[in-house]
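Participant: One-letter residues, chain by chain:
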Amino acid sequence: SQTIHQWPATLVQPVGSPLSLECTVEGTSNPNLYWYRQAAGRGLQLLFYSVGIGQISSEVPQNLSASRPQDRQFILSSKKLLLSDSGFYLCAWSSRVHEQYFGPGTRLTVT
Amino acid sequence: AQSVTQPDIHITVSEGASLELRCNYSYGATPYLFWYVQSPGQGLQLLLKYFSGDTLVQGIKGFEAEFKRSQSSFNLRKPSVHWSDAAEYFCAVGARLEGSQGNLIFGKGTKLSVKP
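Protein chains in written order, with the numbering used here: chain A, 1 to 111; chain B, 112 to 227.
I should point out that these hints are in silico values taken from the structure, not numbers from a laboratory. Careful: at least some of the hints might be erroneous.
The following label-pair restraints were derived from C-beta to C-beta distances [to be verified]:
#	chain 1	residue 1	chain 2	residue 2	range
1	A	E22	B	I122	29 to 37 Å
2	B	W194	A	P104	19 to 27 Å
3	B	E131	A	R42	21 to 29 Å
4	B	P190	A	P18	46 to 54 Å
5	B	D165	A	P104	37 to 45 Å
6	B	T116	A	A39	41 to 49 Å
7	B	S224	A	T10	21 to 29 Å
8	A	I53	B	R133	39 to 47 Å
9	A	K79	B	Q169	43 to 51 Å
Here are some of the chain B residues that sit facing chain A, going by a computed Cβ distance under 7 Å [claimed, not checked]:
#	residue
10	A128
11	L130
12	Y143
13	P151
14	P190
15	G205
16	L215
17	F217
18	K222
Here are a few chain A residues that sit away from chain B, every Cβ distance over 12 Å (derived from the structure) [as the list claims (entries may be wrong)]:
#	residue
19	V12
20	V15
21	S29
22	N32
23	Q38
24	L90
25	Q100
Beta carbons: idealized from backbone N, C-alpha and C, even for Gly.
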């Protein structure tokens, strides 16, 4: 069966510091991969999606970036965090059939 | 533009009572439809999905949803709520387009509280 992992689970970082969040999927090949941010009361905001290695599409201009160095690995990064980057970050995967499966999330607090 | 509306931000029901969470969508054609549930501090779990066929779909945890094309709605129901159902519920739609990236549009969620 397929599983999706995210780490770290929680992270507290100062403003201006770099960020790297990792997501890996097991038990499937060539998945679509997604990064979402969830802020209180604002639902889910799609940040990036990827349909293959090295293929990244950005939905929202911001100081975040994403990379997909391997088929089942998706990384969210920032060179300098802002206070507004605080939130709950969710990674998800899907086959071509549209239903998405979510990881456990990373709680990021920028201080 | 495509959109999903969940008109109720917060609903409180008594344990054992029935539940209906509303979802309306704006889309050019019949999309794929989903309901997800999220417990505090957790990821989203897929409850059920509608692709085609029978407009009443059954999901996990005793939930069901009915697709009504004429009302552009996909409401979630449960006949008897349990305390463990307290969570946030998200409705989502996806495009039936050839070559679609599989992106989903989510509603802002409905938080369900359950009174003992």
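Participant: Against each hint, give a clear statement of whether it holds in the structure.
Facilitator: So, going through the hints one by one against the coordinates:
1. The supplied range of 29 to 37 Å is met by E22 (chain A) and I122 (chain B), whose beta-carbon atoms lie about 36 Å from each other.
2. The supplied range of 19 to 27 Å is met by W194 (chain B) and P104 (chain A), whose beta-carbon atoms lie about 22 Å from each other.
3. Against the hinted window of 21 to 29 Å, the Cβ-Cβ separation of E131 (chain B) and R42 (chain A) comes to about 24 Å, which satisfies the hint.
4. Taking the beta carbon of each, P190 (chain B) and P18 (chain A) are about 50 Å apart, inside 46 to 54 Å as hinted.
5. For the pair D165 (chain B) and P104 (chain A), the supplied restraint of 37 to 45 Å is violated, since their beta-carbon distance comes to about 32 Å.
6. Distance hint for T116 (chain B) and A39 (chain A): a CB-CB separation of about 19 Å, inconsistent with the stated range 41 to 49 Å.
7. A hinted range of 21 to 29 Å for the beta carbons of S224 (chain B) and T10 (chain A) is consistent with their spacing of about 25 Å.
8. The hinted window of 39 to 47 Å between I53 (chain A) and R133 (chain B) holds, with their beta carbons roughly 40 Å apart.
9. Between K79 (chain A) and Q169 (chain B) the Cβ separation comes to about 47 Å, which falls inside the hinted range of 43 to 51 Å.
10. With a least beta-carbon distance of about 25 Å to chain A, the hint placing A128 (chain B) at the interface is violated under the 7 Å criterion.
11. At its closest, the beta carbon of L130 (chain B) sits 20 Å from a beta carbon of chain A; the interface hint therefore is violated under the 7 Å criterion.
12. Given hint, Y143 (chain B) at the interface with chain A, holds; its Cβ is 5 Å from that chain's nearest Cβ, closer than 7 Å.
13. The beta carbon of P151 (chain B) is not positioned within 7 Å of any beta carbon in chain A (closest approach about 10 Å), and the interface hint is therefore violated.
14. Of the supplied interface hints, the one on P190 (chain B) is violated, with its beta-carbon coming no nearer than about 25 Å to a beta-carbon of chain A, more than 7 Å.
15. The closest approach between the C-beta of G205 (chain B) and any C-beta of chain A is roughly 4 Å, which is under the 7 Å cut-off, so the hint is satisfied.
16. With a least beta-carbon distance of about 6 Å to chain A, the hint placing L215 (chain B) at the interface is held under the 7 Å criterion.
17. Because the closest C-beta pair between F217 (chain B) and chain A is about 5 Å apart, less than 7 Å, the hint holds.
18. Interface hint status for K222 (chain B): violated, as the beta-carbon distance to the closest one in chain A is roughly 10 Å, over 7 Å.
19. At roughly 15 Å from the closest C-beta of chain B, the C-beta of V12 (chain A) stays outside 12 Å, upholding its exclusion from the interface.
20. Annotated as non-interface, V15 (chain A) keeps its C-beta farther than 12 Å from every C-beta of chain B; the closest such distance is 24 Å.
21. Against the 12 Å criterion, S29 (chain A) stays outside the reach of chain B, whose nearest CB is about 15 Å from its own CB.
22. With a closest Cβ-Cβ approach of about 5 Å to chain B, N32 (chain A) is found to fall inside the 12 Å limit, against its non-interface label.
23. Consistency note on Q38 (chain A): stated as away from chain B, yet its beta-carbon is not over 12 Å from all of that chain's, at 9 Å minimum.
24. For L90 (chain A), the shortest C-beta to C-beta distance to chain B comes to about 6 Å, within the 12 Å cut-off, and the non-interface label is violated.
25. Look at Q100 (chain A): its CB is around 6 Å from the nearest CB on chain B, not clear of 12 Å, so calling it non-interface is violated.
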